[in-house]
Structure formats: C-alpha cells, structure tokens
Amino acid sequence: MDTEAQPTERDRSLPPDPEDSSGKPGTEGRSRSALVPRFTDRLPGGRITLTLLLCLLFLLAVNLFVARPFEIPSGSMEKGLRVGDRVLVNKLAYTFGDGPARGDVIVFDGSGYFGDADYIKRVVGVGGDHVVCCDGEGRIRVNGRSVDESGFLFPGDSPSTVRFDVVVPEGRLFVLGDHRGSSSDSRDRLGSPGGGMVPVEKVVGRAEAVVWPFGRAGRLEPTDAYAKVPAGEASAHAAAPTGGGHG
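Take the sequence shown: its letters are residues 1 to 247, numbered as in the working numbering.
Don't take each hint at face value.
As the list claims (entries may be wrong) - Straight line, CA to CA, 16 Å or less: simulated EDC-like cross-link-like pairs of lysine to aspartate or glutamate:
#1 91 - 116
#2 79 - 157
#3 91 - 208
#4 202 - 137
#5 202 - 170
Claimed, not checked - Derived CB-CB ranges, DEER-like:
#6 218 - 150: 18 to 28 Å
#7 211 - 136: 12 to 22 Å
#8 209 - 96: 15 to 25 Å
#9 193 - 218: 37 to 47 Å
#10 163 - 228: 18 to 28 Å
Hints listed in this document are in silico derivations from the structure and should not be mistaken for laboratory results. No residue lacks a Cβ here, since even glycine has one placed at the ideal position from N, Cα and C.
Based on the provided sequences and hints, a complete structural model is requested.
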C-alpha cells in the first residue's frame, strides 16, 4: 500500500512558513522596509531629524521653483503694500500661459535697468502699448483709453507729476509704483538705456498675497482698471520717449 502522505486541499491553501528564510518575496519586502530604520539609526535625532531634513528640502524646492516670500522695502506700493509686509510671489504665474498683464503687481530683477536688487511695481503698459501722461483730467492714458487708477493709488497722489509719451517695445514692461509721489519707476529712466522698460525675462513672478504680518494677511485682489484698454498698436505711433526725472 502506498503510504506516502498526500497534501490535502487544506494543506495546499496554508500560507508559507513565516520563519522560512529561503529568499522568497516576503523576505525581500522585509529587507527593503528595514532600510529607513537603518538610515535613521545613523542620524542624530533619528526619525525626527530625517523628517526635518525632508521638510527643509521641500521648502527649498518650493522657494526655488514655485513661490517665495518677498519683503516690501519701501513705501512705493502704498496704499496696498506697506514697508515690512511680506508677500508671496508666484514664480510659475507666467510659465505656462500669457506673460504679465496690465495691472499685475510683479517682482522683477532690476539688475542693469533699475539697480542690483529685486523691485516690486505695477504693470501699466506691455509690449506695443502707447502710454501717455496725462489726459485733460490728469489720468494716465493707455492706447487712447484713460484709466481710473483711484482704486489702488495712494490717497492724495495724482497718477503722475511727470509727463511722458512712450511706446513700450515688445518684450518690455512699463511699470509704476502705486504711491506715485514716493516711487522710483519707469518714469525716472525714460532717457536711460532701456528707456525705463523692464524686460519680461527679468520678471521673478506675480505677487499673490500678503503673508505677514498676520493681521494684514490676505490675497492681493486683481484690478479691473485696465480691463477696457484695447490692444496696443505700436506701428500706429512713432512717439519717442520724453520726460524727465521723477521728483
């Protein structure tokens, strides 16, 4: 009689012996999961230090590629932004779509044009725009359309005490501070190389929100002041930049 034990259906369905160390997939999985503990054992502070390092790397990546804080250094953007405010700058704002638009508050690298620092100003004219100061009511006119900037200008300021008549070259921006009486901007550099126009490639990003102090934290609301300005037709105007320094 054949007495060899035959595995029953129940025997075949049993899980493998957990103590079996013959190199099966279960053992390999356990080896991989042990990598983190072995790594953290070599770090002072263990898992806490590893977590902090990963958070730091994440913040550095965000600051480098996505957004970064910018401290307002002067009163040139009052009333909306005050000295010491920290704003969050979206560095991807113009990466996948259109470039800066009229009314945007931007941070840009002023090297070679404004000075060796980053600046924050409002875009008033983009490439091809004809920007003039001022109409009969003292308002700035863009492509023949007068603009009501009272929603963001510093109280008591006029749109400009400096007269100018410029056509913005393609790939450049004409920028002004909201506190026109305390802002060094495109008006001051009309006769300098570049004519006071900021190259689009110098733009770091768009200011999106105030993040500090907490009492002033909030999103920077976009303006519709320039919404009715028609597209620029630079070829229709041959105006040369004129004007003087801003006092």
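Hint check for residue 150 and residue 218 - Cβ pair distance inside 18 to 28 Å | At 21 Å between Cβs, range holds.
Under the criterion that the straight-line Cα-Cα distance not exceed 16 Å, is the pair residue 91, residue 208 satisfied?
-> Holds, at about 10 Å.
Residue 91 paired with residue 116 [C-alpha distance capped at 16 Å] = The given pair, whose Cα atoms are some 19 Å apart, is violated under the 16 Å limit.
Range agreement (Cβ of residue 96 with Cβ of residue 209, hint 15 to 25 Å) | With a Cβ separation near 20 Å, residue 209 and residue 96 satisfy 15 to 25 Å, so the hint holds.
Regarding residue 211 and residue 136, is the given constraint of 12 to 22 Å on their beta-carbon distance met?
-> Once the Cβ atoms are compared, 41 Å apart, the range 12 to 22 Å for residue 136 and residue 211 is violated.
Between residue 79 and residue 157, does the CA-CA distance stay at or below 16 Å?
-> holds (10 Å)
Given pair status - residue 170, residue 202, alpha carbons within 16 Å | holds (14 Å)
When you check the alpha-carbon spacing of residue 202 and residue 137, does it fall within 16 Å?
-> violated (34 Å)
Using the beta carbons of residue 193 and residue 218, state whether their distance is inside 37 to 47 Å or not.
-> Because 38 Å falls inside the window, the suggested range holds.
Using the beta carbons of residue 163 and residue 228, state whether their distance is inside 18 to 28 Å or not.
-> holds (23 Å)
The structure does not agree with the numbered hints 1, 4 and 7 stated previously, though it agrees with the rest.
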